[in-house]
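Listed here are the chains, written in short residue letters.
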Amino acid sequence: MDARFTGMLKPFLPHLNDRPITPDISLRQYGLDSMQAIELMFAVEDTFGVELTDELLTDETFGSAGALWEAVQSLTGVRTAS
Amino acid sequence: MPDVLTELPPGAEAGAALAALGDSGELTRLYGSEPDGTLDPVVLRGLLGDAHARLRPGVVLSLLVHLASAAPLLAEHGRTATGLVALAATDTNSGSDLTALSTAVEIGPDTVVLDGAKRWVTSATTAGHALVLARHRPGRHFTNFTWVLVPLNAPGVTVRASDTTMFAGSGVGHVDFSSVSLGRSALVGRPGRALAVFARHMAVERLGSAAWAIELCRKAIADTARALELRTVGDEPLRHAPLVRHRLAECAVRVSALHGLWTTSCRRIAVDRDTTAAAVLKAASSAVVDRVLGECAHLQGADGFASGGVQQLRAEAAVFGIGGGTTEVVLGNVADRLDVVLNGLAS
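Order-wise, the sequence lines are chains A and B.
Here the numbering used here is used: the first residue of the first sequence is 1, the next is one more, and so on.
Here the numbering used here is used: the first residue of the second sequence is 1, the next is one more, and so on.
All clues stand as given, with none of them false.
Capping the alpha-carbon separation at 20 angstroms, the derived lysine to aspartate or glutamate pairs in DMTMM-like fashion look like this: (1) K10(A) to D46(A); (2) K10(A) to D339(B); (3) K219(B) to E250(B); (4) K10(A) to D336(B); (5) K10(A) to E45(A); (6) K10(A) to D33(A).
For the record, the hints were derived by calculation from the structure and aren't laboratory data.
This is chain A alone, in the form it adopts within the complex (with noise of 0.2 angstroms):
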């Protein structure tokens, strides 16, 4: 996950405190809520230029930081190490 991607990440997740931004980590056990999620989308989409397609709105989409960073990569094509 490349820093632009954690640093928009980072505001939705108001109980990760210091712990560091990892794929795993679980969005709502972190604090994503339901209209946190519209936001977070919104923000992905002006972030990177992208619109997720249907196939990507999904709650797995939204499920973790990994998840979403892959949905985020299949429509940007880049390729970083997580």
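Dock chain B against chain A, hints included.
Here is chain B on its own, set in the frame of chain A:
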């Protein structure tokens, strides 16, 4: 701004008001010549103020929903509202908990089939179409919902007026959908994005709601002051009694504070679609309406209970704390973003 609504009779319906606004070019001023789902918040406030001065509160409610959320939501997806459009979000049992709604749409290759029931839908009996929030798959996640534009005279649609003496002219009613089959063009926007789109347009509706709240309170205070000028205690108009003066002044201060909040946050909400700012404004406006109308109703004494008097207005105005998201829901939104709200207040 020319007040085109003054040409209408006081008992006019929302559809007639909407047509008048369209004919006069006011809707173009509101949405621009090429509507894209955004609007000018100052124009919206002016239109709602004019509507409140001229039309029944129920009609203003109907116009608010159409102007601030239904029509922009359609425009964002390249669709044009032909006549008054209702927004049917609230299900029978789930209320403000939209992710629990059960109205469902089955999306096929050529058709969509809608089943479910919506309650307390503004404009249900007066609109030609309803934008219906439905789920296309089970589960509470925000990506499970879709908008469907439904002609309210389509086979399988049953509309009943809600059993209430309040909100005359609002067309509020209950709508049942029983195997309502429509072409796929009835889908508005992509499946899975309905709640996301709704959140942004609801923010603008909350901005419009607060604009109406300011106008409603302003007029209620002015009406109360005028009424108390005509009533005397001893030789003095009641309006001049120190206690009355202070209470009216306190009401004016509260409305002024709401006006200030509206003014500083209107662009953030209408342009940037700041849902947190909209939640703050919605919570503030319902509190101000409740307090101001309570004071005005008390100060007007028994006269307030006359038909169409301030007591009825006060009862109807409880909708500011319920419709478009209850006070508890919007305070929950604010609580979720407490740090952001507090940081925004830092000098």
